[in-house]
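Quick note, the sequences are listed as chains A and B, same order.
Counting in the working numbering, the first sequence runs from 1 upward without gaps.
Counting in the working numbering, the second sequence runs from 1 upward without gaps.
There could be a bad hint or two in this list.
Unchecked claim - Partial selection, computed: residues in chain A whose CB lies under 8 Å from chain B: (1) A113; (2) S182; (3) C183; (4) P184; (5) A341.
Stated by the list, open to error - DEER-style ranges, computed between Cβ atoms: (6) B:D276 <-> A:A166: 44 to 50 Å; (7) A:Y347 <-> B:Q138: 55 to 61 Å; (8) B:V217 <-> A:G86: 15 to 21 Å; (9) A:K82 <-> B:K252: 37 to 43 Å; (10) A:I324 <-> B:L402: 20 to 26 Å; (11) B:Q108 <-> A:D342: 49 to 55 Å.
Think of the hints as simulated: they come from the structure by calculation, not from any bench.
Computed from a predicted model, the values in this text were never measured in an experiment.
Note that CB positions come from ideal geometry on N, CA and C, so glycine has one too.
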Amino acid sequence: MLSVLRRKAAAAAVGGSDAMLLGGRLRKSCAAAAAGLRGYATAAKEMTVREALNSALDEEMSADPKVFLMGEEVGEYQGAYKVSKGFLPKFGPERVVDTPITEAGFTGIGVGAAYYGLKPVVEFMTFNFAMQAIDHIINSAAKTNYMSAGNISVPIVFRGPNGAAAGVGAQHSQCYAAWYGSCPGLKVLAPYSSEDARGLLKAAIRDPDPVVFLENELMYGERFPVSAEALDSSFCLPIGKAKIEREGKDVTITAFSKMVGLSLEAAEILAKEGITAEVINLLSIRPLDRPTINASVRKTNRLVTVEEGFPQHGVGAEICMSIIEDSFGYLDAPIERITGADVPMPYAANLERMALPQIEDIVRAAKRVCHRSVPMAATA
Amino acid sequence: MSAAFPSVRAVCRPGSFAGEKRGPPPAAASGKLASGFLGSAWKLRFGALPARRRGSSSVVVAVSDVVKEKKPKRSSSSSSDLLITKEEGLELYEDMVLGRTFEDMCAQMYYRGKMFGFVHLYNGQEAVSTGFIKLLKQEDCVVSHYRDHVHALSKGVSARAVMSELFGKTTGCCRGQGGSMHMFSKEHNLLGGFAFIGEGIPIATGAAFTSKYRREVLKEADCDHVTVAFFGDGTCNNGQFYECLNMAALWKLPIVFVVENNLWAIGMSHLRATSDPQIWKKGPAFGMPGVHVDGMDVLKVREVAKEAIGRARRGEGPTLVECETYRFRGHSLADPDELRDPAEKAHYAARDPIVALKKYILESNLASEAELKAIDKKIDEIIEDAVEFADASPIPPRSQLLENVFADPKGFGIGPDGRYRCEDPKFTEGTAHV
Numbered sequence: 001m002l003s004v005l006r007r008k009a010a011a012a013a014v015g016g017s018d019a020m021l022l023g024g025r026l027r028k029s030c031a032a033a034a035a036g037l038r039g040y041a042t043a044a045k046e047m048t049v050r051e052a053l054n055s056a057l058d059e060e061m062s063a064d065p066k067v068f069l070m071g072e073e074v075g076e077y078q079g080a081y082k083v084s085k086g087f088l089p090k091f092g093p094e095r096v097v098d099t100p101i102t103e104a105g106f107t108g109i110g111v112g113a114a115y116y117g118l119k120p121v122v123e124f125m126t127f128n129f130a131m132q133a134i135d136h137i138i139n140s141a142a143k144t145n146y147m148s149a150g151n152i153s154v155p156i157v158f159r160g161p162n163g164a165a166a167g168v169g170a171q172h173s174q175c176y177a178a179w180y181g182s183c184p185g186l187k188v189l190a191p192y193s194s195e196d197a198r199g200l201l202k203a204a205i206r207d208p209d210p211v212v213f214l215e216n217e218l219m220y221g222e223r224f225p226v227s228a229e230a231l232d233s234s235f236c237l238p239i240g241k242a243k244i245e246r247e248g249k250d251v252t253i254t255a256f257s258k259m260v261g262l263s264l265e266a267a268e269i270l271a272k273e274g275i276t277a278e279v280i281n282l283l284s285i286r287p288l289d290r291p292t293i294n295a296s297v298r299k300t301n302r303l304v305t306v307e308e309g310f311p312q313h314g315v316g317a318e319i320c321m322s323i324i325e326d327s328f329g330y331l332d333a334p335i336e337r338i339t340g341a342d343v344p345m346p347y348a349a350n351l352e353r354m355a356l357p358q359i360e361d362i363v364r365a366a367k368r369v370c371h372r373s374v375p376m377a378a379t380a
Numbered sequence: 001m002s003a004a005f006p007s008v009r010a011v012c013r014p015g016s017f018a019g020e021k022r023g024p025p026p027a028a029a030s031g032k033l034a035s036g037f038l039g040s041a042w043k044l045r046f047g048a049l050p051a052r053r054r055g056s057s058s059v060v061v062a063v064s065d066v067v068k069e070k071k072p073k074r075s076s077s078s079s080s081d082l083l084i085t086k087e088e089g090l091e092l093y094e095d096m097v098l099g100r101t102f103e104d105m106c107a108q109m110y111y112r113g114k115m116f117g118f119v120h121l122y123n124g125q126e127a128v129s130t131g132f133i134k135l136l137k138q139e140d141c142v143v144s145h146y147r148d149h150v151h152a153l154s155k156g157v158s159a160r161a162v163m164s165e166l167f168g169k170t171t172g173c174c175r176g177q178g179g180s181m182h183m184f185s186k187e188h189n190l191l192g193g194f195a196f197i198g199e200g201i202p203i204a205t206g207a208a209f210t211s212k213y214r215r216e217v218l219k220e221a222d223c224d225h226v227t228v229a230f231f232g233d234g235t236c237n238n239g240q241f242y243e244c245l246n247m248a249a250l251w252k253l254p255i256v257f258v259v260e261n262n263l264w265a266i267g268m269s270h271l272r273a274t275s276d277p278q279i280w281k282k283g284p285a286f287g288m289p290g291v292h293v294d295g296m297d298v299l300k301v302r303e304v305a306k307e308a309i310g311r312a313r314r315g316e317g318p319t320l321v322e323c324e325t326y327r328f329r330g331h332s333l334a335d336p337d338e339l340r341d342p343a344e345k346a347h348y349a350a351r352d353p354i355v356a357l358k359k360y361i362l363e364s365n366l367a368s369e370a371e372l373k374a375i376d377k378k379i380d381e382i383i384e385d386a387v388e389f390a391d392a393s394p395i396p397p398r399s400q401l402l403e404n405v406f407a408d409p410k411g412f413g414i415g416p417d418g419r420y421r422c423e424d425p426k427f428t429e430g431t432a433h434v
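Chain A with its partners taken away, still in its complex shape (with noise of 0.2 Å):
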């Protein structure tokens, strides 16, 4: 039986005016917890993100026999980051399908059989190597259903890392948050821990649209406690929620993927210095979750996003202008976005270093948003 399952113990814990603010927010953290235990009311075991992909794709593949998962490296070499480990003997090569190099060819195939009714994973080795591929995720898996008015749906993921690795250079450095964001017609979700990983992939997979599924490359080694709900091989989380990870009063701090580790050590800095920040994990970068979102910043008056991709046009700026629109009144500053520079990725370390968002970043700017004085960061 499919179930959304709920920290009970965590929201009985927080107040319930929230719940009613919100009208349906599903999952929040612990408040009292946050500190240490990330918010599980009961964890009970510890799992890499790597093997919580692996968890749930095994499942999912074992649940339906539509499920099949192509791409290259994903039998033999038993995925490129490892994610499909021990895919192959168990469901056998029409299932876990080796491409060759051929990201057009593979990702129109797998678009094909969703059009014809299988439900395929399409995995990229990162998603820089999807723009090659980009014609078939936009034009036909995102537009179809669209364009045929029902007709034709298209219920495939397209899943791989995203965002920038360790000294990868700039090739293989992009985020692709905003880009896939900003498409009607796709659902782009970018998990943070293991438990979101777990449970935003088997929601995807059982989504009947196309699903743009944003991995990090440093995220897949990192370990996180999992609650016994979560390993429920019927878990899974609602797409288009986000999660509040920290409660806080004093500025509100968005962020997705690897950002939302960062951010979370920056609120432990802030916090030291009297400032609590709420930290937001967006979970979804489309549908994006506006309303928590809103209620977060009504009731902090300050908004601080954080993101790896480039500045312009980024998730950052959409955010921004959607509480521009839903709440204005409410801002006692200016939102401030970090993001990456405005630079290719570049190779050497301290560079890549001064090119991505850092911790102190963070906590500058969230102490300027609360009008601690404190100079402003060169830019570039």
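Add chain B to chain A, keeping to what the hints say.
Positioned in the frame of chain A, the structure of chain B alone reads:
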């Protein structure tokens, strides 16, 4: 395997550079092509081939020219000599006349302002669509590109639905949201309708992949559905075409790649754009048969199609079929069509496939003139009715603008009871057990 394509005059093995054994070297050949390529030139050249006849035992066969062993001009009354029965003949005739009349009506409606945007008409190429699609079942898939009205009609989408779609009315096959270039029909397994050339080829390969998957993984033993992908000569220079030839042959997918080589990609002549203009040769390079056929003759196309579709259905893998055809009108209704030589146009106009089939039917005494005229009249009425229906249909209401973006708009998925989970009031309380 050697019986494949029995009416083939010449056979060559993949991998061997057939050009060398064939008479004029490629440079001279393209010189000859550049000056003419009037279709008949092929036969003349290959008539002088060395005697490598059929009966080759190679598993993969590349075929140069499919020559019918019986000339169509036969007044024999013995129907066993004929390639088609009366019913089949009339079916083919009706389908081609439907395509032609529909497209002519589209041109009229466009110039009257009822249709707009990009409209690409199929006049002259009907033999390819009819020849292939009339051999398919409803469950077989057809994937096309922007010149897709007639593919939709041949596959079974009603003229009313296609015309309404072109008028942008809500009764169209895609509720007016797709348009001329994006015909989709789940019921008839028409998987598009794509504006990007080459985009449909991987989609078709994916549908073929699904057929194979259903047979082998989902164990639906009777799933022998075939996919036919239609695309043009310009597409054959696109990377996705080669990627899919490779994967289709690699995985032996049940697909037929049909090239509608009408020699022109808007104003770019095929010969100016392609290093080796013989597209059928690209099949054997990837390990599948490549066949060239006269696409203005529906009976020849049908013979080749029977074999290619049969191969795919039996699980023997893909085939590349190059149909030499011609579009009588410009690339689209906005194309002034100034670059094509009038002599070339006249040459192909003389080989109009509908006229040729009519002649065959009458000379073989399959049907009388009166019966064919009755079909013409019937089609005229169908088209008139389609136009009236489209005219009378309402335009999409404002509320339709935001519909159909997602199959599941709220994003929570569909529960086992078939309803959106977010509509379940218990869902947001977190106690919903679906």
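Results for each hint:
1. About 4 Å separates the beta-carbon of A113 (chain A) from the nearest beta-carbon of chain B, less than 8 Å, and the hint is met.
2. A least Cβ separation of about 13 Å between S182 (chain A) and chain B goes past the 8 Å threshold, and the interface hint is therefore violated.
3. Checking C183 (chain A) against chain B: minimum C-beta separation of about 10 Å lies over 8 Å; hint violated.
4. For P184 (chain A), the shortest C-beta to C-beta distance to chain B is roughly 5 Å, which falls under 8 Å, so the interface hint holds.
5. Given hint, A341 (chain A) at the interface with chain B, is violated; its Cβ is 33 Å from that chain's nearest Cβ, farther than 8 Å.
6. Our hint of 44 to 50 Å for D276 (chain B) and A166 (chain A) holds, since their Cβ atoms are close to 46 Å apart.
7. Taking the beta carbon of each, Y347 (chain A) and Q138 (chain B) are about 56 Å apart, inside 55 to 61 Å as hinted.
8. Checked against the hint of 15 to 21 Å, the pair V217 (chain B) and G86 (chain A) passes, with Cβ atoms roughly 18 Å apart.
9. Checked against the given bound of 37 to 43 Å, the beta carbons of K82 (chain A) and K252 (chain B), roughly 30 Å apart, lie outside it.
10. A beta carbon spacing of about 22 Å between I324 (chain A) and L402 (chain B) agrees with the range 20 to 26 Å that was offered as a hint.
11. With their beta carbons about 54 Å apart, Q108 (chain B) and D342 (chain A) fall inside the hinted range of 49 to 55 Å.
Against the hints set out earlier in the document, violations occur for numbers 2, 3, 5 and 9.
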